[in-house]
Amino acid sequence: MGGAVNPAALLAAALRDPASVLALDPPGWTALLAVARAEQLIGTLAHRVQGLAIPPAAARVLEDARASAEQGRVAALWEAEMARRALAGIGIPVVLLKGTAYAAAGLAAGTGRSIGDLDILVPRGRIGEAEAALLAAGWEWVKPDPYDDTYYRRWMHELPPLIHRERDRMIDVHHTILPLTARITPDADALLADSVALGNGLGVLAPMDMICHAAAHLFADGDLAGGMRNLWDIHCLIGEFGTEGLEARAARHGLASAVRRAARQANDLYGTPIPESWCVWDSVDPLYRRRLLARDGWGRPAHRFTRLGFYIRSHWLRMPPGLLVRHLWTKWRKAHVPG
Amino acid sequence: MRHVTSLRIGSIGFRVGSDWSAPIAVLRDLYRDYPGAEDGIPDFNVHLFAARPWRRLVRPSVHIGGDFVIPDAAPLPLAQGLLAAEMGMNLQMALGQRRYLLLHASAVERDGRALLMTGQSGAGKSTLAALLMARGWRLMGDEFALVDPATGLIHGFPRLVSLKNEAIGVMERALPNGRFGPALEGTPKGRIRHLVPDASAIAAMAEPARPALILFPSYGFEPAERPVLPSECFVRLTQASTNYVALGERGFDALTGLVRSVPAHAIDYPDTATALTQVERLWGVL
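Sequence lines, in order, name chains F and A.
Heads up: the first sequence is residues 1174 to 1512, going by the numbering used here.
Heads up: the second sequence is residues 279 to 564, going by the numbering used here.
Do not rely on the hints blindly, as some may be mistaken.
What the hints assert, rightly or not - Calculated Cβ distances over 12 Å to all of chain F for the following chain A residues: (1) Trp298; (2) Ala300; (3) Val336; (4) Ser339; (5) Ile348; (6) Ala351; (7) Ala372; (8) Ala461; (9) Arg488; (10) Arg514; (11) Ala551; (12) Val563; (13) Leu564.
As the list claims (entries may be wrong) - With a cut-off of at most 25 Å between alpha-carbon atoms, the simulated SDA-like pairs for lysine to any residue come out as follows: (14) F:Lys1316 with F:His1488; (15) F:Lys1504 with A:Ala329; (16) F:Lys1316 with F:Arg1499; (17) F:Lys1504 with A:Ala352; (18) F:Lys1507 with A:Ala352; (19) A:Lys442 with A:Leu554; (20) A:Lys442 with A:Phe458; (21) F:Lys1316 with F:Leu1501; (22) F:Lys1507 with A:Ala329; (23) A:Lys442 with A:Lys467; (24) F:Lys1504 with A:Pro349; (25) F:Lys1507 with F:Trp1328; (26) F:Lys1316 with A:Asp350; (27) F:Lys1507 with A:Asp350; (28) F:Lys1316 with A:Ala351; (29) A:Lys442 with A:Arg286; (30) A:Lys467 with A:Arg306; (31) F:Lys1507 with A:Pro349; (32) F:Lys1504 with A:Asp350; (33) F:Lys1504 with A:Ala351; (34) F:Lys1316 with A:Val347; (35) F:Lys1507 with A:Ala351; (36) F:Lys1316 with F:Gly1301; (37) F:Lys1504 with F:Pro1493; (38) F:Lys1316 with A:Pro349; (39) F:Lys1316 with A:Ala352; (40) F:Lys1316 with F:Leu1497.
What the hints contain is simulated information worked out from the structure, not anything from laboratory work.
Note that CB positions come from ideal geometry on N, CA and C, so glycine has one too.
Same shape as in the complex, but just chain F (with noise of 0.2 Å):
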């Protein structure tokens, strides 16, 4: 890397070995809780260190930011509770993915993470019920737009995004972890059959499940955006569920080579243990990482020409290449032509 420590991983160093953070010099820890902030890691990042001796204006911005991740869990999980009270109706069991999963079921992975929307699962058959009992209770239509509202509900692995009217948060009804254009099929049937139940009404996928819908959404989907928090999410799962049964239960999903590539870039970025084997990295391994760390000392993104390569692959990922023609240009004849 030379002279200069990148500054992405500078918050790699800080999560993986807190006690780094004492070498850090004030331009140091600017730049690191820049980054934290970009990358939406800084809820995290002050769980890491805390109790260490650090400059007190960086503990202060810390402080905050726990208080902060914590209110974040709380109302996280108030929304979860509305969603289930609006689905227990018909019958609904709520299945909760991602950031909201890891603070409802106590997971480390959750600890200190910032949560954006309510992210759920929902059998495919009944997810007319479920929107339209969604719909009774308050929630919203986000997308106007005829043609975005038909490619959701053609093409999406998720309803069009829902707004509470009142509480002004959003809800992902998921009935799969991928798009259903690509090429990818994850097996949802046995997501929901073996998801595990909390015993308040609400559930999370079981423990492998929950690893490799992270893999599917930070490398079988999206340009990697944000990609060092789920990056960090995988980290924290195989180190509380180990990674026995992970190759079959990936396998089955179709997705043994994102959560390969998963485990491989979390054990080099935050020392997550894996078996030796899984650590041969192949020849663009070396690109993912640096679409992971794309970032300058003021948290802006950086590395303009990888950041487009992966957001093209993210498209081609998505779509075969007729379908994908199609949207670009019909997207591409909405911004244009008036009217």
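Following the hints, put chain A in place on chain F, whose structure we already have.
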């Protein structure tokens, strides 16, 4: 970023970076008596940047970024770079402040007690705060007042006072020896000129004060005063806060504590001289 400065307003540290030297030079000059961020570590970062590399030079336009951003914020011409920096810092506070309950209010202090003034844009809270500063009050801030949920005390944020349109002339006459920034013509809010808070405001900027009076001024009406009940005060201040919801229970406790313990009045005034008389009278009978 090519050009950088660090400054502290109240207890809040900022690092401001810019693709151009001019906004940083004027910030450094106007904030020259302010300290840098504590421990050299800022609370917030602000970026003033060109959307494309050539837009540094060709029709330069300043985009406002930072740790916290709003999408599609309109850029400003380079001549308004100072305004862009101020808006950038305000934005970080409005969107990112989580230590204190943030009220969109001006604040001045006398004898260790704080007077808060809040209202719609154009109500005169900045002008009245600056005029009270000219009469010997300590200016705690013309835009934001910060309530500490742990103590109930008000922490100041004495940034440059942002004077708009007619208020510029009012303050130039009230403070003929005041330090003013460049006059910024044709901004989204009309003509703007910044006023540097006086030496006592800067020297005491990190000292909190116990809130003693809340006023809701309205400019352009016949003189009138009425007490504002805690319930109404609470609702109006939730609307004047950018982080009330985000703070959750801490925000609720801080705000209910404030409105229960501090009297509030609405004052209507036709001119600033009348308003100052009303303020001094209400303050005098506390």
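Each hint, compared with the structure:
1. Taking the minimum C-beta to C-beta distance to chain F, about 16 Å, the non-interface status of Trp298 of chain A holds against the 12 Å cut.
2. At roughly 19 Å from the closest C-beta of chain F, the C-beta of Ala300 of chain A stays outside 12 Å, upholding its exclusion from the interface.
3. For Val336 of chain A, the requirement that its beta carbon stay farther than 12 Å from each beta carbon of chain F is met, with the minimum near 20 Å.
4. The beta carbon of Ser339 of chain A is kept farther than 12 Å from every beta carbon of chain F, the shortest such distance being approximately 18 Å.
5. Here Ile348 of chain A stays apart from chain F, with its beta-carbon at least about 16 Å from theirs, past the 12 Å limit.
6. With a least beta-carbon separation of about 15 Å from chain F, Ala351 of chain A lies farther than 12 Å from that chain, consistent with its non-interface assignment.
7. Listed as outside the interface, Ala372 of chain A is consistent with that label: its C-beta sits roughly 15 Å from the nearest C-beta of chain F, beyond the 12 Å cut-off.
8. For Ala461 of chain A, the shortest C-beta to C-beta distance to chain F comes to about 31 Å, beyond the 12 Å cut-off, and the non-interface label holds.
9. Listed as outside the interface, Arg488 of chain A is consistent with that label: its C-beta sits roughly 22 Å from the nearest C-beta of chain F, beyond the 12 Å cut-off.
10. The non-interface label for Arg514 of chain A is consistent with chain F: the shortest C-beta to C-beta separation is roughly 20 Å, beyond 12 Å.
11. Taking the minimum C-beta to C-beta distance to chain F, about 42 Å, the non-interface status of Ala551 of chain A holds against the 12 Å cut.
12. Chain F leaves Val563 of chain A outside its interface by the beta-carbon criterion, the shortest separation being 38 Å against a cut-off of 12 Å.
13. With a least beta-carbon separation of about 33 Å from chain F, Leu564 of chain A lies farther than 12 Å from that chain, consistent with its non-interface assignment.
14. As the CA atoms of Lys1316 of chain F and His1488 of chain F are separated by approximately 20 Å, the hinted pair is consistent with the 25 Å bound.
15. About 23 Å separates the Cα atoms of Lys1504 of chain F and Ala329 of chain A, which keeps this hinted pair within 25 Å; it holds.
16. A distance of roughly 20 Å separates the Cα atoms of Lys1316 of chain F and Arg1499 of chain F; the hinted pair therefore holds under the 25 Å criterion.
17. Straight-line distance between C-alpha atoms of Lys1504 of chain F and Ala352 of chain A comes to about 23 Å, which keeps the hinted pair within the 25 Å bound.
18. For the proposed pair Lys1507 of chain F and Ala352 of chain A, the alpha carbon gap of about 22 Å is at most 25 Å, so the pair holds.
19. Pair hint Lys442 of chain A plus Leu554 of chain A holds up; C-alpha atoms about 19 Å apart against a cutoff of 25 Å.
20. Of the supplied pair hints, the one linking Lys442 of chain A and Phe458 of chain A holds, its CA atoms being roughly 13 Å apart against a limit of 25 Å.
21. Simply put, Lys1316 of chain F and Leu1501 of chain F have alpha-carbon atoms about 18 Å apart, close enough for the 25 Å limit, and the pair holds.
22. Among the hinted pairs, Lys1507 of chain F with Ala329 of chain A is consistent with the structure: their alpha-carbon atoms are about 23 Å apart, no more than 25 Å.
23. With a C-alpha separation of about 7 Å, the suggested pair Lys442 of chain A and Lys467 of chain A falls inside the 25 Å cut-off, and the hint holds.
24. Distance hint between Lys1504 of chain F and Pro349 of chain A is fulfilled; the C-alpha atoms sit about 20 Å from each other, no more than 25 Å.
25. With a CA separation close to 19 Å, the supplied pair Lys1507 of chain F and Trp1328 of chain F stays within the 25 Å bound.
26. Straight-line distance between C-alpha atoms of Lys1316 of chain F and Asp350 of chain A comes to about 18 Å, which keeps the hinted pair within the 25 Å bound.
27. At most 25 Å may separate the alpha-carbon atoms for a hinted pair to count; Lys1507 of chain F and Asp350 of chain A meet this at roughly 18 Å.
28. With a C-alpha separation of about 21 Å, the suggested pairing of Lys1316 of chain F with Ala351 of chain A holds against the 25 Å cut-off.
29. Taking the CA atoms of Lys442 of chain A and Arg286 of chain A, the gap is near 24 Å; set against the 25 Å cutoff, the hint holds.
30. A distance of roughly 24 Å separates the Cα atoms of Lys467 of chain A and Arg306 of chain A; the hinted pair therefore holds under the 25 Å criterion.
31. For the suggested pair Lys1507 of chain F and Pro349 of chain A, the alpha carbons sit about 20 Å apart, so the restraint of at most 25 Å is met.
32. Taken as a hint, the Lys1504 of chain F and Asp350 of chain A pair is honoured in the structure, with Cα atoms around 19 Å apart against an allowance of 25 Å.
33. For the suggested pair Lys1504 of chain F and Ala351 of chain A, the alpha carbons sit about 23 Å apart, so the restraint of at most 25 Å is met.
34. Taken as a hint, the Lys1316 of chain F and Val347 of chain A pair is honoured in the structure, with Cα atoms around 22 Å apart against an allowance of 25 Å.
35. For the hint pairing Lys1507 of chain F with Ala351 of chain A, the CA-to-CA distance comes to about 22 Å; that is within 25 Å, so the pair holds.
36. Simply put, Lys1316 of chain F and Gly1301 of chain F have alpha-carbon atoms about 17 Å apart, close enough for the 25 Å limit, and the pair holds.
37. At roughly 16 Å between alpha-carbon atoms, Lys1504 of chain F and Pro1493 of chain F fall within 25 Å of each other, so this suggested pair holds.
38. At most 25 Å may separate the alpha-carbon atoms for a hinted pair to count; Lys1316 of chain F and Pro349 of chain A meet this at roughly 17 Å.
39. Restraint check for Lys1316 of chain F and Ala352 of chain A: the C-alpha separation of about 23 Å stays at or below 25 Å, so the hint holds.
40. Distance check on the hinted pair: Lys1316 of chain F and Leu1497 of chain F sit about 20 Å apart at the alpha-carbon level, within 25 Å; holds.
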